[in-house]
Structures are given as C-alpha cells and as structure tokens.
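Chemist: Both chains are sitting in their own frames, so use the hints and assemble them into the complex.
The listed protein sequences correspond, in order, to chains A and B.
Numbered per the numbering used here, the first sequence spans residues 1 to 152.
Numbered per the numbering used here, the second sequence spans residues 1001 to 1127.
Simulated from the structure, these hints should not be mistaken for lab results.
Quantities reported herein were computed from a predicted structural model and do not represent experimental measurements.
Don't be surprised by glycine CBs; every beta carbon is placed ideally from N, CA and C.
Any given hint might turn out to be false.
Derived lysine-lysine pairs resembling DSS-like cross-links, with alpha carbons at most 30 Å apart [stated by the list, open to error]:
1. B:1113 to A:128
2. A:147 to B:1062
3. A:145 to A:128
4. B:1047 to A:71
5. A:71 to A:130
6. A:92 to B:1113
7. B:1047 to A:128
8. B:1047 to A:130
9. B:1062 to A:130
For each label pair, taking beta carbons as the anchor points, the in silico distance ranges come out as [stated by the list, open to error]:
10. A:99 to B:1071: 40 to 48 Å
11. A:92 to B:1052: 19 to 27 Å
12. B:1097 to A:122: 43 to 51 Å
13. B:1052 to A:98: 37 to 45 Å
14. B:1054 to A:96: 19 to 27 Å
15. A:57 to B:1090: 49 to 57 Å
16. B:1057 to A:79: 54 to 62 Å
17. B:1114 to A:113: 44 to 52 Å
18. B:1094 to A:99: 19 to 27 Å
19. A:122 to B:1054: 46 to 54 Å
20. B:1020 to A:137: 19 to 27 Å
21. A:80 to B:1047: 33 to 41 Å
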Amino acid sequence: MPARWNDFDQIFGAMDLLRNRMGMVNRLFSDFEPQWGLSSSWPAVSNLPRTNLYDADDHLLLKAAVPGLDKDEINIKIQGNYLEMSGSRQEKAPEGYAAHRLERGGETFFSRSLTLPAEIDSTKVEAKLKDGILTLRLPKAESAKTKRITIS
Amino acid sequence: MSDQTEVAKREEQTPAGRMAPTVIPSVDIYENDDEILLFADMPGVAKDAIAINLENGRLTIKAPRLIAGEGELQFEEFGDVEYERVFSVPQGIDTDKVEAVMENGVLSLHLPKSETVKPRQIPVQAG
Chain A
1 MPARWNDFDQ
11 IFGAMDLLRN
21 RMGMVNRLFS
31 DFEPQWGLSS
41 SWPAVSNLPR
51 TNLYDADDHL
61 LLKAAVPGLD
71 KDEINIKIQG
81 NYLEMSGSRQ
91 EKAPEGYAAH
101 RLERGGETFF
111 SRSLTLPAEI
121 DSTKVEAKLK
131 DGILTLRLPK
141 AESAKTKRIT
151 IS
Chain B
1001 MSDQTEVAKR
1011 EEQTPAGRMA
1021 PTVIPSVDIY
1031 ENDDEILLFA
1041 DMPGVAKDAI
1051 AINLENGRLT
1061 IKAPRLIAGE
1071 GELQFEEFGD
1081 VEYERVFSVP
1091 QGIDTDKVEA
1101 VMENGVLSLH
1111 LPKSETVKPR
1121 QIPVQAG
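Just chain B, with the same shape it has in the complex (with noise of 0.2 Å):
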C-alpha cells in the first residue's frame, strides 16, 4: 500500500507542470482514384481539441490527450500525452474539400484529389 501512497503524492506534485510525452499515432492510409483516406487511433481526445494543419506539402495532426483520474492511482498504462504525427502530402490534394471526423476516439481524415491528378480514362476512337 505503501508504494502506491507514494505514487500519488508525485502525482500532486508535480501537476500541470510536467510536460506530456509526444506519440505518435496509429495510422491505416487508404487511397482510390478519389480520395487518400487517413484513420488514426487517438483515445481520449475531443473533436474540439485535434489540430489539422496542410500546408506546403506537409500534413501535421496534432492533439493533446488528457486522462483525468480520481483517488488513488493503482495502476497506469497510458497517460496524459501529446499525439503529433508529420506527414508528406503528394501534390494534387484539394485542401479545400479536406474532410475531417472524430468518432470514437479515431480520426477519419479524407483528402480529396484535385481534378488535375485523378486518373483519366482516354477512349480510342475508331479510325
């Protein structure tokens, strides 16, 4: 019992203080002749709170998660942290359409093409 008192004195003590470590989120990419579809794993973090920022070619998705407790910590697998992930974004995404939703902790993120680099069929014509 000791042990874990101990534990949630430090937890007091050093509150808003202590910076939260960055992670890196889980991401499935996805890509047809439409769209590149991005999910990310983030538990714990509010719509409100994510931060999609594409610009020069570059994609951040960053959020903070906070885990609020109560009482006496027994055990702690995951915490309080800030998911940042960087991508490189191909040219040809129409960030205007750029699409995002948060359902249940994961982030769906839909980047449209732009009509210049869909794929285009091109019929023969019969000579």
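Next comes chain A alone, as it looks inside the complex (with noise of 0.2 Å):
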C-alpha cells in the first residue's frame, strides 16, 4: 500500500464534496458558514469505530477512536483470535437548543468484530481509554509467539 494517505484523501475528498453539497441543504444559520477548502477531511463512512492494529512481537496493540464515549459504554470480547468491540454513544441534544448543524451522528451504536492475526491470552489484555481513543494492549498467547531457537 505505497500511497495509502493519497488513497484515503481521494476517497474522502469525494465524501466531502457530497458533503458540501448535502450541506447546502442544512445550510440554516448562513452567519455561522464553515470555510470550506480545507484539504481534506475525514467523515465517518460508517459508525464503525476506525481502527489501528499493530504487532509489537509479544503482543499485539490494538487503537480505536471512539469519541464521546464513557468507558462503561464500550464492551470488549476476546475469545483466542476473535475480538468484538461493540458501544453506544448516549448522547442527548442539549434541551432548549436549536440544532443549527449535526454532523456527529448524536446517539450512536457500533459493533465491530476482527480476527486478530495471533491468539491472545484474554486473561492479561489491558482496556485504556485516553482523549476518545480506546487502546487495547493483547498479549499472544504462549503458543502463538514468535520462538528464537538458537543453534547449539
């Protein structure tokens, strides 16, 4: 994948010109206008949390953004290499407002399921949430880690 940036601003350029043009619908509050033309951005395409994995050997290291959740809003399954995040954001519009604008989603649920490249030992896997992102730190399990064998 040599030009992954380049491929997600291609995409997500597109998204925000239909963006831009369905906003034209909700464009109420003309003195409150966004300036747009800003390169890119990066719109939910669904309300699946985006997602990082990476393998540091011994472990595996897994970023979620969530943002606006509680950590008792999220729930984390681990079963060998099965993982299944699933959340919801309880969020209410604020009583008494007017909405000029909504492009967060509001109340949201997602599930997501991955299979992981490595069996995990579910016991000793570490759950932070920092900032609206949820990190997952998965040790392998025994059997599923790398052995260096050295010649006698």
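Modeler: What follows is the structure in structure tokens.
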C-alpha cells in the first residue's frame, strides 16, 4: 500500500464534496458558515470506529477512535483470535437549543469484530481509554509467540 | 507478511518530516437565547494541544492529533492529523466568557451571547 494516505485523501475528498453538496440543504445558519476548502475531511463512512492494529512481537496493540464514549459505554470481548468491540454513545441533544448543524451522528451504536493475526491471552488484556481513543494491549498466547531457536 | 514489513519500514523512513494531513472535525452546533454551543469530535487530541482563537468574527479551532503505535503496523484507519476548522461567528459573542471543555475527545465550546443581542421580552403596558 504505497500511497495509503493519498488513497484516503481521494476517497474522503470525494466524500467531502458530497457532504458539501448535501450541506447546501441544511445551511440554515448562514452567519455560522464554516469555510470549506481545507484539504481533506475524514468523516466517518459508517459509525464503525476507525481502528489501527500493530504487532509488537509479544503483544498486539489495537487503537480505536471512539470520541464521546465513556468507558462504561464500551464492551470488549475476546476469545482466541476473535475480538469484538461494541459501544453506544448515549448523547442527547442539549435541551432547549435549536440545532443548526448536526454532523456528529448523535446517539450512535456500533459493533465491530476483528479476526486478530494471533491468539490472545485474554486474561492479560489491558484496556485504556484516553481522549476518545481506546487502546487495547493484547498479549499473545504462549503458543502464538515467535520463538527464537538458538543453534547449539 | 512481506507487505506488512515494507509498510513498517516506510513509516520509519519518513519520521516527523511527513506533513500530517489537515482534517475538518465533525461538529454539532446548537443555539439558544443565551449562547451558541458547539461540539467537535476530535479523538486523540489532548486538552493542552488544542488552540481556539476568536478574532474579528472568525473562530478557529486547531489541534494536532498524534497516534503513537508500537511494533509493526498491521492496518491503519486513522493516523496523525492536524484538525482545523474555521467558522465565521455572528456579531455579539461575549469573547471574555467563552468556555471550552474537552472530554473523551469531544470539544464542547460555549459561546455566550452578549447582553445586547439577547432577545428581550417587551412587556406591553395597559393603556
């Protein structure tokens, strides 16, 4: 994937155009217009959290963007190399306010499952939530670890 | 496996020099008689990293988001970005009382209206 960022830019650049057009419909609050034309937006294509996965030899590291979710609103299940994340954002519109622009999706629910590249020792998983990013440290099961064999 | 190794190497070859793309954060904007209330999704932004500037009727929200990985990248759906969005703000915001809260990667920005622009109920007096 040599041009990963460019690919994303193209895809979401197109999304942006579309969103701009759709935006024409709900531009009610003309005094509060954002200035479009910044290079690329990255709107959620669906409400699945954007996820990165890294392999650090003895463990996998998963990062998922879950803005607005509290830690009690996220569920994580792991069995072997199967991981399931689900969550719901319990956000209510503030009462007594008129909405001028709604891009964030409001109350949302997601469920995402992944097949991991290694079996996980589910008893040693650590999960942290900071600034809207969920980080899972997933230690590999003994059997899945790479063994270095010393030649005697 | 060989593909993945290559991706990881590529990352190492272009360290801090790679320009993070600019991204427009998604926002909700609400208004009542007292204030304009803006929410912006900016996952991964620490509260100290965010710069909010209100000047000459322009509100600028700007914040870098850095994702620190570890080991070999398997797949990536989000990365380092520079969040930036500019709004033109209506007259009559009390700039001294603007309040910003960052929680779980969501910015809440309260833009209180100054007294002069708040709607006023005019009592009709009996003639």
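Chemist: Looking at the structure, which of the earlier hints fail to hold?
Modeler: 1, 2, 13
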